[in-house]
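A.B. asks: The residues making up each chain are set out below.
Number of protein chains: 2
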Amino acid sequence: MTSPYLFKNVAYNMKKFFHGTIRVLDIDIRENIENISESVEPADLAVVMLPPHASIVQAEKCGKVGVKALVMITGGYDGDQRKRLIELKEKFGMRILGPNTIMGVVNTSSGLNTTFERGTMPRKGDIAVVSQSGGVGACLLDWACYYGIGVSKFAFVGDKIDVDDVDLLHYFGQDSQTKVICLYMEGVKAGRDFIDEARKITKLKPILALKGGVAEESARRAKSHTASIAGSDQIFDAAFKKAGIIRVGSIEELMNGAIALSKQNPMHGDSVAIVSNVGGPAILAGDSVLKQGLRLARLSESVKSKIESLYPGIDASNPIDLIADARAERYGKVLDLVLRDKHVDGVLVINMLKSTFFRPGDARIVPYIAAKHPRKPVVDVPAGGEDFERVYRTIGNSRVPLYNLPNKAAVALKILREYGKMLQKH
Amino acid sequence: MTSPYLFKNVAYNMKKFFHGTIRVLDIDIRENIENISESVEPADLAVVMLPPHASIVQAEKCGKVGVKALVMITGGYDGDQRKRLIELKEKFGMRILGPNTIMGVVNTSSGLNTTFERGTMPRKGDIAVVSQSGGVGACLLDWACYYGIGVSKFAFVGDKIDVDDVDLLHYFGQDSQTKVICLYMEGVKAGRDFIDEARKITKLKPILALKGGVAEESARRAKSHTASIAGSDQIFDAAFKKAGIIRVGSIEELMNGAIALSKQNPMHGDSVAIVSNVGGPAILAGDSVLKQGLRLARLSESVKSKIESLYPGIDASNPIDLIADARAERYGKVLDLVLRDKHVDGVLVINMLKSTFFRPGDARIVPYIAAKHPRKPVVDVPAGGEDFERVYRTIGNSRVPLYNLPNKAAVALKILREYGKMLQKH
Chain A
2 MTSPYLFKNV
12 AYNMKKFFHG
22 TIRVLDIDIR
32 ENIENISESV
42 EPADLAVVML
52 PPHASIVQAE
62 KCGKVGVKAL
72 VMITGGYDGD
82 QRKRLIELKE
92 KFGMRILGPN
102 TIMGVVNTSS
112 GLNTTFERGT
122 MPRKGDIAVV
132 SQSGGVGACL
142 LDWACYYGIG
152 VSKFAFVGDK
162 IDVDDVDLLH
172 YFGQDSQTKV
182 ICLYMEGVKA
192 GRDFIDEARK
202 ITKLKPILAL
212 KGGVAEESAR
222 RAKSHTASIA
232 GSDQIFDAAF
242 KKAGIIRVGS
252 IEELMNGAIA
262 LSKQNPMHGD
272 SVAIVSNVGG
282 PAILAGDSVL
292 KQGLRLARLS
302 ESVKSKIESL
312 YPGIDASNPI
322 DLIADARAER
332 YGKVLDLVLR
342 DKHVDGVLVI
352 NMLKSTFFRP
362 GDARIVPYIA
372 AKHPRKPVVD
382 VPAGGEDFER
392 VYRTIGNSRV
402 PLYNLPNKAA
412 VALKILREYG
422 KMLQKH
Chain B
2 MTSPYLFKNV
12 AYNMKKFFHG
22 TIRVLDIDIR
32 ENIENISESV
42 EPADLAVVML
52 PPHASIVQAE
62 KCGKVGVKAL
72 VMITGGYDGD
82 QRKRLIELKE
92 KFGMRILGPN
102 TIMGVVNTSS
112 GLNTTFERGT
122 MPRKGDIAVV
132 SQSGGVGACL
142 LDWACYYGIG
152 VSKFAFVGDK
162 IDVDDVDLLH
172 YFGQDSQTKV
182 ICLYMEGVKA
192 GRDFIDEARK
202 ITKLKPILAL
212 KGGVAEESAR
222 RAKSHTASIA
232 GSDQIFDAAF
242 KKAGIIRVGS
252 IEELMNGAIA
262 LSKQNPMHGD
272 SVAIVSNVGG
282 PAILAGDSVL
292 KQGLRLARLS
302 ESVKSKIESL
312 YPGIDASNPI
322 DLIADARAER
332 YGKVLDLVLR
342 DKHVDGVLVI
352 NMLKSTFFRP
362 GDARIVPYIA
372 AKHPRKPVVD
382 VPAGGEDFER
392 VYRTIGNSRV
402 PLYNLPNKAA
412 VALKILREYG
422 KMLQKH
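These protein sequence lines map, in sequence, to chains A and B. Residue numbers for the first sequence follow the numbering used here, so the first one is 2 and each next one is one higher. Residue numbers for the second sequence follow the numbering used here, so the first one is 2 and each next one is one higher.
Same shape as in the complex, but just chain A (with noise of 0.2 Å):
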């Protein structure tokens, strides 16, 4: 992690994407540190990647100028050169972040990266994320890009010598740009802290969080990979629990879920209809919605027959199959009767069979009514590959989300109930 190619990716990166004014200095570590000549000067923010020793040599320099915090990227400290750290982040009250970052951090709307991932930078959004590991924080990292999903921050937080998990919580908590938090963690130091400061965020924006090591064997193995602690899964399930925290099963739920406490409200009951233009997908839709341990909704008669009359052949039972020529005028009608019904608190939306007569009007309308409704969540799928991507294009950049598959929809639709479950409490 010392590589000089990786140091100019870091550089590239915050030369090309911060707004505020940069210095380089490029130190050759096969001179003698302590002497190099190169003068550190003021600043709010400095990046060291360096070995160890060099880098605290820097630490220093920093400190002495009034430096206020330092991205430490690189790892590998012993004892004694942590002890030396937290002795220089105390004397010159600096803030530190690692050592061991491996990436460091992203601010899309400062245009901080001091990732050396060159050019890598998501757009700017409103979902944060905490890694406790430069692997998967790397990896949600290109998954927000190449996806195109909205970020305001990305923390890597490394050996957590100073700023820990609580500490960058807290900031998430407070941050304006921040409506959505995810966490990558595998361990946590201050348990009990971290559960009280989660509890009190969890009441303004959902926390959501994948932990890794959950099997006794990953955990031994993770044990060794941080500096942190994996406790038993079972004690992070409760953890969570009280925190208010959700929980999700892969890097995929993670950031599903986040788009869609992202873009959508709460779910306020367990009631979802489907509203699709195809049978099979709507019936495995069903199944999926019913895994997650939400309901399909009953709708109204008044509804139903409302439907069948507009649409004769139409049978309007949820799974409603609005049959395969629908277009917008029909997804439109059904989906706003649908949710005035009171018996429904959320929409599943199934639109396929676009990639030959693909309208764009036909995948606006959903949004366009979703609108109206704000108080139910509405999710779309345009199920598969290219059908997907056309979907995308249109409306991607909606308030509605959208996933690929049905069973993807109805986990989010069940990360957005867990969300309504957990403000129903306070």
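Rather than coming from a laboratory, the hints here were simulated on the basis of the structure. Careful, some of the hints might be misleading.
Same chains, same names: a pair is fine if it fits in one copy or spans any two.
Said to hold, decoys possible - Quick list of in silico lysine-lysine cross-link-like pairs, BS3-like style, CA-CA up to 30 Å:
| id | residue 1 | residue 2 |
| --- | --- | --- |
| 1 | K180 | K243 |
| 2 | K292 | K190 |
| 3 | K62 | K17 |
| 4 | K292 | K242 |
| 5 | K422 | K292 |
| 6 | K292 | K243 |
| 7 | K84 | K190 |
| 8 | K334 | K373 |
| 9 | K343 | K422 |
| 10 | K305 | K204 |
Given the coordinates of chain A, work out where chain B should sit on it, guided by the hints.
C.D. replies: Frame of chain A, contents of chain B only:
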């Protein structure tokens, strides 16, 4: 489904892809269908896409001139109309697929393509798909095309007045171009025959099944959606087990499992080694492997010490973390050593942080080494978005299946293990 636009798409696909001779009869259904003068000619196969009455008239003409098989696209046949079709099939000895197949058939080898998704043709390969639902089939087809999955044939079964699941199973069981059979089903008519036929086939080639209408409420709906009766889910589960059919939970698992079975040999034990250049994703992979009921292989001491002496600083406990700067040489050596270990039955490779310093050789080494150990399956996870795409572009056509997240690769290994167990029983 009788729209002239869709009809034109079917004709377009037939002309574009089919290697044989085609004649398109564009019949105007506003005319008196009995008196249409256009003559039907002798042929191996006729595709009929007209409303029920008109379809029956044309089916009879086909029978009279000796057409051997009909693909009947449209639905909506009443009892008398079905009876009439069955009479025609018996009188003329024609085979009928449908009616209500929606998309009909695709054969990547002969180029036969009766779907109305204009220009949609999957890559040639050895995965066959049979779908009881037009919508799910269309989604699978779109998925296969979009992700470049190699397909032998697609069949949309529809109302099964003649050709049914058992016939199709039998056909694909014998088909030398098909190595893996994927089923989407909501119900089955001749349950006993279906199990008997599947039992014979699964000794020779794997069958994967996704069942729709699992939950009671969806099942009730499924009943009205297709002509067959959706059985209780437990009965299906028992039947699948008895038949040696591997059951999956989603469209993505169906496709990912088929890719694994098509490219790799079954796994002959439960022990998985994880070879990764990042810690966190390897921990998540370990969790997923254990969640799937597989085990993390305990490497032989000799293999461990060999790896650790070759690469000081690496802890060769499984999951093996090769450290982020691992390149082709380190991946190749370690993967080869691990595959030689008799305690290892299969390997999950994680290959990350590639976006900025990707070299094709780093990806190519994985299938190169895997090919030397054909009895042990290897799956590769270039986790993320762009990272995945880069590696996919490089080795997407190799014999090593690629997944964008570790949990998906663990499911693939589980499916390879299930097929291995199935074969051991015989």
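A.B. asks: Each of the hints needs a verdict: does it hold here or not?
C.D. replies: Structure-based check of all given hints:
1. Taking CA atoms no more than 30 Å apart as the test, K180 paired with K243 passes inside one copy only; the shortest distance there is 20 Å, against 50 Å between copies.
2. For the homomeric pair K292 and K190, the shortest alpha-carbon distance between copies (26 Å) is at most 30 Å, but the shortest distance inside one copy (35 Å) is not.
3. Taking the shortest Cα distances, K62 and K17 sit within 30 Å of each other inside one copy (26 Å), while across copies they are farther apart (71 Å).
4. Both within a single protomer and between protomers do K292 and K242 lie at most 30 Å apart by alpha-carbon distance, with minima of 20 Å and 21 Å respectively.
5. With identical chains, the CA atoms of K422 and K292 are at most 30 Å apart both within one copy (18 Å) and between copies (27 Å).
6. Taking the shortest alpha-carbon separations for K292 and K243, both the intra-copy value of 24 Å and the inter-copy value of 24 Å come in at or below 30 Å.
7. Only within a single protomer do K84 and K190 lie at most 30 Å apart by alpha-carbon distance; the minimum there is 17 Å, versus 73 Å between protomers.
8. For a Cα distance limit of 30 Å, the shortest separation of K334 from K373 inside one copy, 12 Å, qualifies, whereas the shortest one across copies, 59 Å, does not.
9. In this homomeric assembly, K343 and K422 come within 30 Å of each other (Cα to Cα) only inside a single copy, at 18 Å, whereas the closest approach across copies is 50 Å.
10. For the identical chains of this complex, K305 and K204 are neighbours neither inside a copy (37 Å) nor across copies (49 Å), given an alpha-carbon limit of 30 Å.
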